[in-house]
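Numbering follows the working numbering, in which position 28 of the sequence shown is assigned residue number 28; successive positions increment by one, without gaps.
Simulated from the structure, these hints should not be mistaken for lab results.
Glycine is no exception: its CB is placed at the ideal position from the N, C-alpha and C atoms.
Some hints here could point you the wrong way.
Mimicking DMTMM-like on lysine to aspartate or glutamate, the simulated pairs with C-alpha atoms at most 25 Å apart in a straight line are [what the hints assert, rightly or not]:
hint: 1; residue 1: K112; residue 2: D154
hint: 2; residue 1: K101; residue 2: E163
hint: 3; residue 1: K2; residue 2: D23
hint: 4; residue 1: K101; residue 2: D154
hint: 5; residue 1: K127; residue 2: D107
hint: 6; residue 1: K112; residue 2: D99
Pair by pair, the computed Cβ-Cβ distance ranges are [claimed, not checked]:
hint: 7; residue 1: D98; residue 2: S26; range: 37 to 45 Å
hint: 8; residue 1: A108; residue 2: L27; range: 43 to 51 Å
hint: 9; residue 1: T150; residue 2: H35; range: 12 to 20 Å
hint: 10; residue 1: A102; residue 2: L27; range: 46 to 54 Å
hint: 11; residue 1: S149; residue 2: T29; range: 24 to 32 Å
hint: 12; residue 1: R126; residue 2: P17; range: 37 to 45 Å
hint: 13; residue 1: E49; residue 2: I158; range: 31 to 39 Å
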Amino acid sequence: MKYALAKFRVYLLGSGPFVVYTDHASLRTAVKSPHISQRMARWLSFFAEYDFRVEYKPGRLNVVADALSRRPDYAVKTADANRIGVESVSAPSSSLIDDVKAAYASDADAKKLLSYASAPSGEARRKLAPHLRARAHRYRMHEGLLLYSTVDDDVIRIVVPNEYDLRMRIMYEYHDALRGASWS
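Just need the whole structure built from these sequences, with the hints factored in.
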């Protein structure tokens, strides 16, 4: 929990109260215990910076816990495409790209991000919702497509609007259909 709070610190500090769901039942009572170790005292002093409450959620119901709190040095190693025999990777078709661009018009967040990315300014940034404003520097526009890059890697991703049919089409074409790669 300490690692996850530190990792998401910039998003959590000053954001108002939030709930931490954990499958570690003893964390609920740790703050109320009169006898704590020095390490626990340091952790409690760290936790005091945040406005949160702890709720117990059994591990089988807390399916995203590992993904959110996993330390990077325990991360699953990614495979090198050439070592596993991927001979080609397909690029989005022009019709799919056109559909993505058209769908931006019906997605409120995408419209605001496009406006910001096409002419970045303090005023355009202030118009963004807080969850977008924190990452606004990671967005840019290229040939009408909204692109996003993460801190951890140099991979640039196409932002897909929140349109169910379009997302299902992309999932089918690039995940379900085996036309994009050939395995040896």
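Results for each hint:
Restraint check: the Cα-Cα separation between K112 and D154 comes to about 24 Å, which is no more than 25 Å; the hinted pair holds. Between the alpha carbons of K101 and E163 the distance comes to roughly 12 Å, so the proposed pair stays at or under 25 Å and holds. For the hint pairing K2 with D23, the CA-to-CA distance comes to about 14 Å; that is within 25 Å, so the pair holds. A hinted pair counts as satisfied when its Cα atoms are at most 25 Å apart, and K101 with D154 qualifies at roughly 23 Å.
With a C-alpha separation of about 15 Å, the suggested pair K127 and D107 falls inside the 25 Å cut-off, and the hint holds. With a C-alpha separation of about 18 Å, the suggested pair K112 and D99 falls inside the 25 Å cut-off, and the hint holds. For the hinted restraint 37 to 45 Å between D98 and S26, the CB-CB distance of approximately 54 Å leaves it violated. Separation of A108 from L27 is about 37 Å and departs from the stated range, judged on CB atoms against 43 to 51 Å.
Distance hint check for T150 and H35: the Cβ-Cβ separation is about 43 Å, which falls outside the suggested range of 12 to 20 Å. For the hinted restraint 46 to 54 Å between A102 and L27, the CB-CB distance of approximately 47 Å keeps it satisfied. The hint said 24 to 32 Å for the Cβ distance between S149 and T29, and at roughly 42 Å that hint is violated. Taken as a hint, the range 37 to 45 Å is violated for the pair R126 and P17, whose Cβ atoms sit roughly 24 Å apart.
Judged by the Cβ atoms, the range 31 to 39 Å given for E49 and I158 holds: they are separated by roughly 37 Å.
Violation of the numbered hints given earlier is confined to hints 7, 8, 9, 11 and 12; the remaining hints are satisfied by the structure.
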